[in-house]
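A.B. asks: Here the protein sequences come in this chain order: A and B. In terms of our numbering, the first sequence is numbered consecutively and its last residue is 272. In terms of our numbering, the second sequence is numbered consecutively and its last residue is 307.
Keep in mind the hints are simulated off the structure, nothing from the lab. All values reported here derive from a predicted model rather than from experimental measurement. One should not assume that every hint holds.
[Unchecked claim] Examples of chain A residues toward chain B, derived with CB under 7 Å:
1. Arg21
2. Val25
3. Asp104
4. Gln110
[Stated by the list, open to error] With the Cβ distance kept under 10 Å, some of the chain B side facing chain A (calculated, not the full set):
5. Arg18
6. Gly53
7. Phe54
8. Asp90
9. Asp92
10. Phe93
11. Asn98
12. Val142
13. Leu146
14. Ser150
15. Arg279
16. Lys281
[What the hints assert, rightly or not] Derived CB-CB ranges, DEER-like:
17. B/Ala184 with A/Ile179: 42 to 52 Å
18. A/Ile179 with B/Ser269: 51 to 61 Å
19. A/Met1 with B/Pro289: 42 to 52 Å
Backbone N, C-alpha and C fix where the C-beta goes; we use that ideal spot for every residue, glycine too.
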Amino acid sequence: MTAWTTLMAVFDWRSWAVLRRHALVFLRNWRTAVIPPAMEPVIFLVAFGIGFSGYVEDLSYRGTHVDYATYVSAGLIAYTGFGTPYYEALYSAYVRMFYQKTWDGILATQVELPSVVWGEILWAALRGMVNISIVSVVILLFDFLGVVEVQAGWLVFMPFFGFLAGAAVASFALIFTAIVPAIDHMNYPVFLIGWPVSLVSNTFFPIEPQNEALWALMQINPVYQLAECARGLLVLGNPGTHLAGLCASSVLFLVPCTLLAVRLTRRRVLGS
Amino acid sequence: MTTAILEARGLTKKYGDRVVVDHLDLSCRRGTVLGLLGSNGAGKTTTLRMLYGFVPPDEGAIFYAGKRFSDHRSEAKRSIGVCTQDDSLDYDFTVAQNLFIYASYFRPRVESLERRVADLLDRFELTPYADASPYVLSGGFVRRLLIARSIVHQPSVLFLDEPTTGLDPSARLDVWELIDGMRAEGLAIVLTTHYMDEAERLSDELLVIHQGRGVVRGEPHRVIDTALGDHVVIVPRGEPARQEIEAWLRSKGAQPVATVLGELRVPVSKEILIELTARFKDATWQVRPPNLDDLFIALARQNGRFA
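Go ahead and model the full structure; you've got the sequences and the hints to work with.
C.D. replies: Structure follows, in structure tokens:
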């Protein structure tokens with residue numbers, strides 16, 4: 001199977017059949033599944049946004065003054081767009097692969113391995129999309145209450161931007177899913193990558209590196225691009241270059257990470 | 001004789017320098033059961049994984065209905081059902097939903113799926129559990145559901161990898177009946193098992209794999225006769241002439257296949273048995289027909305010199 005056919009498997013009915021399976025399971029448990037993503041932004045906005053706003057008086061975003069709660073609300077979209085697919089592709093996919101043997105069952109059908117991987121990527125990105133939608137509703141509510149001040153109409157687009165970044169993040173996470181010996185080892189991608197990325201992507205505080213290499217590294221980080229794109233739209237109604245940056249960085253991550261994830265998963269699951 | 005629906009020629013698989021499957025040929029016709037036998041590490045699992053497309057062979061070719069698997073992969077995978085040894089049921093769904101979701105992984109779609117699922121639930125006696133989680137099923141019923149699931153899309157070839165391992169005798173017999181029924185409907189079934197009685201009773205043809213090679217093949221009785229001869233002499237542990245008998249049998253070219261709890265088991269031809277009876281009139285021993293257990297043990301001990 002060539003790299004091209006592996007990548008094109010995203011359009012194959014098999015990948016969508018796997019996605020459908022995951023979606024059906026989610027729909028069975030949606031009541032419990034939507035509570036955490038609804039509560040998390042409330043806690044963050046109250047604790048960090050309102051709590052820190054008193055200490056962070058002057059926060060300038062592209063020449064415009066924003067209060068900290070508004071700054072953080074865009075960060076929450078990026079944080080959710082990163083965290084949801086990342087952990088879904090790490091933990092949930094691992095459980096399906098290793099403990100539940102769900103992948104073994106699927107692979108005994110007409111579905112091929114690249115479609116299983118694509119199904120996981122699409123599902124993780126879709127979960128991110130769902131959770132960003134919930135976060136957006138919470139932000140809208142806080143905007144209505146006057147806690148944050150955003151251009152609310154742009155919130156409609158956030159889940160779609162989140163899907164892009166989420167697919168990239170999920171493909172990256174699936175590399176670890178394919179190689180960690182046991183679920184306890186997931187602590188490494190969580191603490192060494194998950195937490196740092198979720199913090200240094202202009203989510204909760206701005207970072208403006210002077211070093212060119214660090215600056216370049218930030219530009220290829222889809223979570224940073226998602227945060228800046230969301231913030232640009234919600235604060236100024238203009239994403240600047242970050243919408244293009246989001247698309248480019250997501251593709252830049254998605255293509256090699258998916259190919260690597262398929263290769264490593266094939267070795268682990270099929271032994272070849 | 002009908003044409004083989006499954007045929008593999010010269011299958012070879014290497015992992016590094018180790019040859020796991022070595023130029024293996026096999027075939028299976030509609031309405032027959034091919035029993036794949038071999039000790040642990042013989043290459044059965046790798047052979048199966050090549051046959052259902054998990055790993056590609058390094059050499060050789062696989063044909064389903066005369067079409068080369070590597071060229072018609074999707075079509076071929078639509079025509080095969082796989083029931084793996086591990087429990088890979090989808091525990092996020094109910095018993096009936098397991099059949100529906102599994103059917104969704106095939107194209108063209110299964111015709112009249114609702115009726116097909118209802119029929120399978122009925123036939124495999126799973127209807128009372130249709131809306132329950134597979135967690136409530138006993139081991140025997142889990143196996144029933146796994147088999148039902150593997151044929152929901154109406155395949156032509158079914159792979160059953162140790163379908164009765166871990167089941168109690170009653171559940172095993174139930175699975176035998178199901179396999180027999182599927183064979184009667186025209187399915188070509190490839191069966192692996194460690195139970196020799198199961199292989200002997202269910203298989204129309206046996207293929208014994210040893211060190212990756214097919215060492216004996218044919219109908220079960222023919223395979224046993226060819227490999228072991230007509231009879232097995234069993235000399236009990238307490239028999240005073242045991243050593244003398246063993247030495248005499250060895251001098252005649254008969255090799256003991258096993259010593260089980262001190263009891264000597266030696267396959268012999270009819271002629272040797274007549275001589276043995278005449279020579280050791282006062283000794284005590286038993287005679288029975290050879291079975292697959294003898295073959296299996298002999299194979300393991302004699303390093304596969306049966307081909």
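A.B. asks: Evaluate each hint against the coordinates.
C.D. replies: Consistency of the hints with the structure:
1. Arg21: Holds - the Cβ of A/Arg21 comes within 7 Å of chain B, reaching about 6 Å at its closest.
2. Val25: holds (4 Å)
3. Asp104: At about 4 Å, which falls below the 7 Å cut-off, the nearest Cβ of chain B leaves the hint on A/Asp104 intact, so it holds.
4. Gln110: Where the cut-off is 7 Å and the nearest Cβ of chain B is about 5 Å from A/Gln110, the hint holds.
5. Arg18: violated (13 Å)
6. Gly53: With a closest approach of 8 Å, the B/Gly53 hint holds.
7. Phe54: Because about 5 Å separates B/Phe54 from the closest Cβ in chain A, which is inside the 10 Å limit, the hint holds.
8. Asp90: holds (6 Å)
9. Asp92: holds (4 Å)
10. Phe93: With a closest approach of 8 Å, the B/Phe93 hint holds.
11. Asn98: Where the cut-off is 10 Å and the nearest Cβ of chain A is about 9 Å from B/Asn98, the hint holds.
12. Val142: violated (12 Å)
13. Leu146: holds (9 Å)
14. Ser150: Nearest chain A Cβ about 7 Å off; hint holds.
15. Arg279: Violated. Min distance 54 Å.
16. Lys281: This hint is violated: B/Lys281 lies away from chain A, its Cβ roughly 58 Å from the closest one there, beyond 10 Å.
17. B/Ala184 with A/Ile179: 42 to 52 Å: Holds, since B/Ala184 and A/Ile179 (Cβ atoms, about 47 Å apart) stay within the stated range.
18. A/Ile179 with B/Ser269: 51 to 61 Å: holds (57 Å)
19. A/Met1 with B/Pro289: 42 to 52 Å: Cβ of A/Met1 to Cβ of B/Pro289: about 50 Å, so the range 42 to 52 Å holds.
In this structure, the earlier hints numbered 5, 12, 15, 16 are contradicted, and the remaining ones agree with it.
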